[in-house]
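J.: Residues in the sequence shown are numbered from 1 upward in steps of one, following my numbering.
Wrong hints could be hidden among the right ones.
As the list claims (entries may be wrong) - Using 27 Å as the maximum straight-line C-alpha spacing, the simulated BS3-like pairs for lysine-lysine come out as follows: (1) 168 / 121; (2) 35 / 199; (3) 35 / 121; (4) 197 / 35.
The hints are simulated quantities; they were obtained by calculation from the structure and are not laboratory data.
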Amino acid sequence: MIVLALETAGVDCSAAVYDSGRNTVLGEASDMIGKGHAEHLIDIVDRALGQADITLSEVDRLAVTVGPGSFTGIRVGVAAARGFALSLQIPVVGVTTLEVMAAAERERTPGRAVLAAMDAKRDEIYLQSFAADGSPLDAPRAASVAEAQAFAASFDGEITGSATPLLKAGAGGDHANVFPISVVARLGAAAAADAGKPKPLYLRGPDAKPQAGYAIARRV
Numbered sequence: 001m002i003v004l005a006l007e008t009a010g011v012d013c014s015a016a017v018y019d020s021g022r023n024t025v026l027g028e029a030s031d032m033i034g035k036g037h038a039e040h041l042i043d044i045v046d047r048a049l050g051q052a053d054i055t056l057s058e059v060d061r062l063a064v065t066v067g068p069g070s071f072t073g074i075r076v077g078v079a080a081a082r083g084f085a086l087s088l089q090i091p092v093v094g095v096t097t098l099e100v101m102a103a104a105e106r107e108r109t110p111g112r113a114v115l116a117a118m119d120a121k122r123d124e125i126y127l128q129s130f131a132a133d134g135s136p137l138d139a140p141r142a143a144s145v146a147e148a149q150a151f152a153a154s155f156d157g158e159i160t161g162s163a164t165p166l167l168k169a170g171a172g173g174d175h176a177n178v179f180p181i182s183v184v185a186r187l188g189a190a191a192a193a194d195a196g197k198p199k200p201l202y203l204r205g206p207d208a209k210p211q212a213g214y215a216i217a218r219r220v
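Throw the hints in and build the complete structure from the sequences for me.
T.: Here is the structure:
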């Protein structure tokens, strides 16, 4: 099965072409852009397809990160994946960024449970724990820093993500949220195809809200 994976939930804009039969990434492209995923994504996809030396019509499945992460980036990726899948009449699956972070950590420390934890700012942490085999132990959720610290204190496993310094005393090094596109592709290939259309995973409301008291009265 040939999988085209898209990742726009973080600062990177990434795409990869993955052959699940050979467990091989045939091509991938990624640019750290911060913002502007909508303007860059199609070029990123073209570069990944070109490196793999295949056409879009040869793709059997789409996979896309659904969050948590950048509100705008998530919407861009999900909309693009669903559009490609509709035009090609192929399945599309969603993969959470917390799943991706945990899977990447298991590659570094196999045989260990993993707590994926993202610093969501405003005294909140997005987190989810996974068993050593990758199965989820709970649902993705937003928790206060104090609640997450209490949970982490009793968690027997590795902690990964930008919230690691908040949850683990003496945690040094770089703990950025990293969503490797090759991991997205592998998880997408393994996901159930009948899980339904992917939709953004938002664990809290958007920061931007409409101003109250400034509505223009409608003229009848």
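J.: It remains to establish, for every hint, whether it holds in the given structure.
T.: Hint check:
This hinted pair checks out: residue 168 and residue 121 have alpha carbons roughly 17 Å apart, not beyond 27 Å. Restraint check for residue 35 and residue 199: satisfied, since their Cα atoms lie roughly 20 Å apart, inside the 27 Å limit. A C-alpha spacing of about 18 Å is found between residue 35 and residue 121, which places the hinted pair at or below 27 Å, so the restraint holds. A distance of roughly 25 Å separates the Cα atoms of residue 197 and residue 35; the hinted pair therefore holds under the 27 Å criterion.
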